[in-house]
Amino acid sequence: MEDREIAAALARGEPAGLDELLKRYGPLLRYIVTPILNDPREREECLSDISLLIWKKIEGYDPDRGSMTAWLSVLARNTALNRRRSLSRRGTEEELGEHLLDPSPTPEEALLQKERRRRLQEAINRLSSGERDLFYRKYYYLQSTAQMAAELGLTQRGVEGRLHRLRKRLRKELGGDGQ
Amino acid sequence: MMDDREFDRALEEELTQLPPADGEMERITPWKRAMSRIVAGIILTTCTLNVWNLQQLMPAVGIVLLWLSFRTLRKENGWFTACWLISLYRAASLFVSLVLNATLWGTEQGLTLWSYLNLLPPLVQFICLWQGIKAVRRKAGQPDKAGAAGALVWFYLALCVLGLWQLQGWLVVLPIGVIYFLILRSMAKMSALLDGAGYEVRAASVRVSDRMVWIVWVLSLAIAIPLAGIFLGRYPMDWKPVEIKEQAGQEEIQTNLQSLGMPEQVLSDLSTEDLFSLEGAVRVFVMVDEHPFNDGRRVTQVQTNQVRSWREYDVKELKTSDIAVELENGNWRIIHHFFWQGDRGIGGTECLKIWPTDRLNEGWRREGEPTGRVLYDRGGNTFESDFYFLGEESYTAQSIFWGQTYNNDLFAAFSLPLTGENCRGYVSYEIELVEEGWIIDSWSNYTHQVKWWNYPLMTAMQYSQAGMLYGGDFETAQSAIQLFDLWDSPEDAGEP
Numbered sequence: 695m696e697d698r699e700i701a702a703a704l705a706r707g708e709p710a711g712l713d714e715l716l717k718r719y720g721p722l723l724r725y726i727v728t729p730i731l732n733d734p735r736e737r738e739e740c741l742s743d744i745s746l747l748i749w750k751k752i753e754g755y756d757p758d759r760g761s762m763t764a765w766l767s768v769l770a771r772n773t774a775l776n777r778r779r780s781l782s783r784r785g786t787e788e789e790l791g792e793h794l795l796d797p798s799p800t801p802e803e804a805l806l807q808k809e810r811r812r813r814l815q816e817a818i819n820r821l822s823s824g825e826r827d828l829f830y831r832k833y834y835y836l837q838s839t840a841q842m843a844a845e846l847g848l849t850q851r852g853v854e855g856r857l858h859r860l861r862k863r864l865r866k867e868l869g870g871d872g873q
Numbered sequence: 269m270m271d272d273r274e275f276d277r278a279l280e281e282e283l284t285q286l287p288p289a290d291g292e293m294e295r296i297t298p299w300k301r302a303m304s305r306i307v308a309g310i311i312l313t314t315c316t317l318n319v320w321n322l323q324q325l326m327p328a329v330g331i332v333l334l335w336l337s338f339r340t341l342r343k344e345n346g347w348f349t350a351c352w353l354i355s356l357y358r359a360a361s362l363f364v365s366l367v368l369n370a371t372l373w374g375t376e377q378g379l380t381l382w383s384y385l386n387l388l389p390p391l392v393q394f395i396c397l398w399q400g401i402k403a404v405r406r407k408a409g410q411p412d413k414a415g416a417a418g419a420l421v422w423f424y425l426a427l428c429v430l431g432l433w434q435l436q437g438w439l440v441v442l443p444i445g446v447i448y449f450l451i452l453r454s455m456a457k458m459s460a461l462l463d464g465a466g467y468e469v470r471a472a473s474v475r476v477s478d479r480m481v482w483i484v485w486v487l488s489l490a491i492a493i494p495l496a497g498i499f500l501g502r503y504p505m506d507w508k509p510v511e512i513k514e515q516a517g518q519e520e521i522q523t524n525l526q527s528l529g530m531p532e533q534v535l536s537d538l539s540t541e542d543l544f545s546l547e548g549a550v551r552v553f554v555m556v557d558e559h560p561f562n563d564g565r566r567v568t569q570v571q572t573n574q575v576r577s578w579r580e581y582d583v584k585e586l587k588t589s590d591i592a593v594e595l596e597n598g599n600w601r602i603i604h605h606f607f608w609q610g611d612r613g614i615g616g617t618e619c620l621k622i623w624p625t626d627r628l629n630e631g632w633r634r635e636g637e638p639t640g641r642v643l644y645d646r647g648g649n650t651f652e653s654d655f656y657f658l659g660e661e662s663y664t665a666q667s668i669f670w671g672q673t674y675n676n677d678l679f680a681a682f683s684l685p686l687t688g689e690n691c692r693g694y695v696s697y698e699i700e701l702v703e704e705g706w707i708i709d710s711w712s713n714y715t716h717q718v719k720w721w722n723y724p725l726m727t728a729m730q731y732s733q734a735g736m737l738y739g740g741d742f743e744t745a746q747s748a749i750q751l752f753d754l755w756d757s758p759e760d761a762g763e764p
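Line by line, the protein sequences are chains A and B.
695 is the number of the first residue of the first sequence in our numbering; add one for each residue after it.
269 is the number of the first residue of the second sequence in our numbering; add one for each residue after it.
No wet-lab data here; the hints were simulated from the structure.
If you're wondering where the values come from, they're calculated on a predicted model, not measured in any experiment.
It is possible that some hints are incorrect.
[Unchecked claim] Estimated spans, in silico, between C-beta atoms of each pair:
#: 1; chain 1: B; residue 1: Leu286; chain 2: A; residue 2: Ser780; range: 21 to 27 Å
#: 2; chain 1: A; residue 1: Lys751; chain 2: B; residue 2: Leu356; range: 46 to 52 Å
#: 3; chain 1: B; residue 1: Leu425; chain 2: A; residue 2: Arg812; range: 25 to 31 Å
#: 4; chain 1: A; residue 1: Glu736; chain 2: B; residue 2: Val486; range: 31 to 37 Å
#: 5; chain 1: B; residue 1: Leu425; chain 2: A; residue 2: Gly707; range: 48 to 54 Å
[Claimed, not checked] Far from chain A, some chain B residues (derived; all Cβ distances over 10 Å):
#: 6; residue: Asp542
#: 7; residue: Val554
#: 8; residue: Tyr581
In this text, a Cβ means the ideal position worked out from N, Cα and C, and glycines have one as well.
Construct the complete structure from the given sequences, taking the supplied hints into account.
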């Protein structure tokens, strides 16, 4: 079954579509969630949440705009981050939004945010392929140093050294304190 | 100013709205890097090109790629652990083989059994790879299919069988090439088959980075191969100090030969036995020549209507003396002597190929075995050794003029010491007259290594037997003694 067919089956409300999707992309979801949530029980619950979100949000997936891998990666990361934050706040605060945890910014804040992201994107684009790989592993996938080292064939000290240099460079390029 | 933790946190937050591009996301996996290295490693270790040392370079790179990739996967399942151990063995075995290629042992034919045994580890490794991929797919709840890896096993098996039968020719090579290409294409697609299941792989941590592994591997080879070439890429010669013992009549023979025109250096280098074989010599004919083993310098001369250009050699390192001695009983003794009077470089193996008078000449017959020795001086002492090989050797040579030719020549193979002066030696043989009217015509072809890089090792004798004089890592100096008018009066035969 192709990704488009899976998406169509889900859109039609067929559970077989979800089964097929989880069979194919279950390992990817676990790969993304594992570094963010340490507790196996939390991970399992998070994966259930993700399944539910997929079921609900599948109509938002447009194969022409990106791959299923990318769509699921964003969904899984944000869901796992939400769970981690809500755990750290011990449920005292209300659940954060699906994509962004910040409360709605003021127009001025929104403008500043936009500018910050533009500069960050430019800085990311200037990174070499290897640096970008490390950058996303660290800041997007939130992988541990040990995991990055193993998957990149580096020692942990080597990864720490590279991350230190990367951070230093980004701090410089993003205006000293990264703001 | 925010600290590192706050800075990291801020970046994490910002990236929520700036997710990586599709291609970037697909690159971040625990297995893709390993799988692409496995495919590259298999290609490089099983399909090599026999030019520019690529037959050694490609496996040397491929085996490290295999080892590094299986190092990442080794803790995923037992099959991958086995693959990792096998690649470790293969790397060690390849290292030994690459180093041996720089030595005389690498050029000899004693490694056949070892070479055959070495066909087995890749086969076992391919089987383990096939099973390992299937195990990952099973773990991810996917069908345990890995057809391309399985096909590689069968193909490799067929390749081994064909190799053992020593089948050759385009009819065999062409289909194998096509199937091989298809299998490798399937292997390249293997990564896509693991797109879902591969995320289950848990990469193993490492103590030494990939880069350090590459550095150690390259440095080890870069040090071990030249060292092996310098110390083991030469014949083991039995050097011993020359013992000077005067025997009765020796001085008389020397005086006679000297008066007939025998060069003093040649006379002093002859062994006692060879000197006594010249007792009662009647005539001595000598041809002396000097040969360069350097590039010289180009000289260009502009004349009225033309430009002349040639190469001038200020130094001619090798001096050859080709000598014919008529003996009391009517036989002749031929001596081909060489003397290194200049820098001979790092050397390695040397070869003196003799085309004796009786080679294409029915008027003369060889009498007895050839004799000779090699000498050098160091610290005021003279050392001598027998040739590593001295005798006749049959071989097939390819010539652009004559095609494939079958030859039987007289060879002296030897190595000169790394240090030492006045390296010299000679080969001598006796001929007996069968029929009058034939000329004496004896040639010496001294083959010497002129380039320091000779890998995989080719000996000077192998070069000489390939029918080459120049080009490649060796050069040959040719000289001869030719006596055309022996049957006229002795005075006309030539200047002694």
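Each hint tested on the structure:
1. B:Leu286 with A:Ser780: 21 to 27 Å: holds (23 Å)
2. A:Lys751 with B:Leu356: 46 to 52 Å: holds (48 Å)
3. B:Leu425 with A:Arg812: 25 to 31 Å: violated (58 Å)
4. A:Glu736 with B:Val486: 31 to 37 Å: Given a distance of about 46 Å, which is not inside 31 to 37 Å, the answer is violated.
5. B:Leu425 with A:Gly707: 48 to 54 Å: holds (50 Å)
6. Asp542: holds (65 Å)
7. Val554: Holds: least Cβ distance 69 Å, greater than 10 Å.
8. Tyr581: holds (53 Å)
The structure fails to meet hints 3, 4 from the earlier list, while all remaining hints are met.
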